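Student: Now for the letters of each chain:
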Amino acid sequence: MTDTPKSPKKLVLYVAGQTPKSLTAIANLRRICDTHVPGEYEIDVVDLRQNPKLAREHDIVAIPTLVRELPVPLRKIIGDLSDEEKVLISLKVEG
Amino acid sequence: MTLAPEALAELKRRLREAEDTIRAIREGEVDALVVGALDQEEVFSIGGDADAFRVFLEAMQHGAAALDGSGRLLYANAVFAGLVGHPVEAMRGHPVADFLPPDMAALLERMIAAPEAHPAGLPVVLATPAGPRHALVSVAPLKLGTTRGFALTLTDLTERQRAEQAERSGRVAAAVIRSANEAVMVCDLSGRVTHANAAARGVFDGDPVGHLLAEIVPLVFTGSLAPADTADMLRQAMSGAALQGLEAQAPETARINDLLVSAAPLMVAEGEVAGCVVTLVDLTQRKALERQQLLLMRELDHRVKNILAMVLSISRRTRRNSTGVEDFMESFTGRIHALSATHNLLAQKSWTELGIAEILAAELAPFDSVSRGRIALAGLDRMVTPRAAVALGILFHELTTNAVKHGALKGEGGSIAVSAGSEPGGGLLIDWKEQVTDPVTEPTRQGFGTVVIAQSMLHAPGGGTELLFEPDGLRCRITIPSEDIA
Chain F
1 MTDTPKSPKK LVLYVAGQTP KSLTAIANLR RICDTHVPGE YEIDVVDLRQ NPKLAREHDI
61 VAIPTLVREL PVPLRKIIGD LSDEEKVLIS LKVEG
Chain H
1 MTLAPEALAE LKRRLREAED TIRAIREGEV DALVVGALDQ EEVFSIGGDA DAFRVFLEAM
61 QHGAAALDGS GRLLYANAVF AGLVGHPVEA MRGHPVADFL PPDMAALLER MIAAPEAHPA
121 GLPVVLATPA GPRHALVSVA PLKLGTTRGF ALTLTDLTER QRAEQAERSG RVAAAVIRSA
181 NEAVMVCDLS GRVTHANAAA RGVFDGDPVG HLLAEIVPLV FTGSLAPADT ADMLRQAMSG
241 AALQGLEAQA PETARINDLL VSAAPLMVAE GEVAGCVVTL VDLTQRKALE RQQLLLMREL
301 DHRVKNILAM VLSISRRTRR NSTGVEDFME SFTGRIHALS ATHNLLAQKS WTELGIAEIL
361 AAELAPFDSV SRGRIALAGL DRMVTPRAAV ALGILFHELT TNAVKHGALK GEGGSIAVSA
421 GSEPGGGLLI DWKEQVTDPV TEPTRQGFGT VVIAQSMLHA PGGGTELLFE PDGLRCRITI
481 PSEDIA
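Top to bottom, those sequences are chains F and H. In terms of this note's numbering, the first sequence has 50 at position 50, counting the first letter as 1, and numbering is strictly consecutive. In terms of this note's numbering, the second sequence has 24 at position 24, counting the first letter as 1, and numbering is strictly consecutive.
These are computed hints drawn from the structure, not numbers from a lab. Keep in mind that the hints are not guaranteed to be accurate.
[As the list claims (entries may be wrong)] To give a feel for the contact side, a few chain H residues facing chain F, derived at Cβ under 10 angstroms:
{"id": "1", "residue": "Ile22"}
{"id": "2", "residue": "Glu27"}
{"id": "3", "residue": "Ser70"}
{"id": "4", "residue": "Arg72"}
{"id": "5", "residue": "Arg92"}
{"id": "6", "residue": "Gly149"}
{"id": "7", "residue": "Ala151"}
{"id": "8", "residue": "Thr441"}
{"id": "9", "residue": "Glu442"}
Quick caveat, the model's predicted, so the values are computed rather than measured. Glycine is no exception: its CB is placed at the ideal position from the N, C-alpha and C atoms.
With the rest of the complex left out, here is chain F (with noise of 0.2 angstroms):
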């Protein structure tokens, strides 16, 4: 019996700069990830402050924005993830 590899889960979060809900957004998705899903996502933050072309790739209108990349299929959270339940539902539902 071999070990299955583990699928790649990313998620990119957008923010934009330090806006109170950007902040908000990134304290609230470090906490959420730590305490109920530690080590299983790669977190990706995205400044579209910076560089604000990189939007298209998601479609990304408002910010912030918690783009769950893969596993697939692409799931989006907008607002400031303040909602834990939300959140946790948005992560853990598979297609």
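Starting from the known structure of chain F, arrange chain H on it as the hints suggest.
Tutor: Here is chain H on its own, set in the frame of chain F:
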């Protein structure tokens, strides 16, 4: 037209996403939007520029932080981070209460629940590596873009309180120095007087402020362990030694010569010496009293010895001329009383000069009943020294008792005239002349009285007595030397 199930699902997902975006914007869950066509995207903040707010926050001199509605830290300036003792990055996104002491966290929770209840803020004490800091914490509602939260400020009052305390301490110290009876002077590290109270100004006949203490008060200390001089005293005090109760002389000061000196380091902070506090107590009067007391003790000793010698001499001579114990007792007691009467007079006059009339009156007092109206006095208002007074007292006693026993006061009809007149050499001649009815004959042997009379006033040149047994009554000429005339 029929859509493939996958296309329909994609459309539904996009619709859901669009609806979710609109809802999030409407409900204020986002605070920035990406606007613009391809290659033209721009990010716009909703409700204001947070960067400007942050720049403003950083420029504030007070500790300031922006919290979201649940008390999590969004921004904080460096002053806030310094007071709380945690870097801003470590606190960002976390409840700020997690980084505060428990009592302050509880206080903050109450203030966030009712920010309007404490508009002036509440005092707190923060433990920092540099020591405790006293601060005023205040909380006010804040709206940052679409986020409602709180502005938290920490005003560091430590320096202001320290300055106020220093000022208060300074006022108290100045008042203490002013109200001290002793002369108090404060010197800086160079030994120059910076403060002096009124007593110090009185001592030196001017204002010592601005002068070097060692120059205006060169002290000469007594005692082997005492400082060498004023400069040495200041050096010792400033090195931390407290010098107390040093007796010193200040020969060059205007009004005070003898001083009791104390010197202590002026501590302005823990271990920091800023100068020296010198206290001077005037001992001049006390020293003068001590000297006078010593003089009096020696004088008293001298007089007691004189009196004892005199009493012994009286005792010996009285015994030699007494016929029995009773005769001895009577004569001896009478003579001691005579001595005592003159001493009483001298004590009343603090051992200064006495009038001749006073001395005679004291000796005549025991014989008042027989002498009243029979003694005429003239020119006895002159004053004599204590030495002459004691001799005159015994002399008058012997003349009086002799007159009572054998002379003018023995029977009826006799009288005595006592007069005084100046001698050419500056002395005084007292003439004691008795008038009797029965003729007088010279006694065949010398009694004590005769010896005393004959030897009186011989203590100085020019003094002496002469006893003449004139037929109409005894005459005694007493010459008081000029040096005993006051």
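Student: Compare the structure with each hint and give your call.
Tutor: Quick rundown of the hints versus the structure:
no. : hint   : verdict
1   : Ile22  : holds, 9 angstroms
2   : Glu27  : holds, 8 angstroms
3   : Ser70  : holds, 8 angstroms
4   : Arg72  : holds, 6 angstroms
5   : Arg92  : holds, 6 angstroms
6   : Gly149 : holds, 7 angstroms
7   : Ala151 : violated, 12 angstroms
8   : Thr441 : violated, 143 angstroms
9   : Glu442 : violated, 140 angstroms
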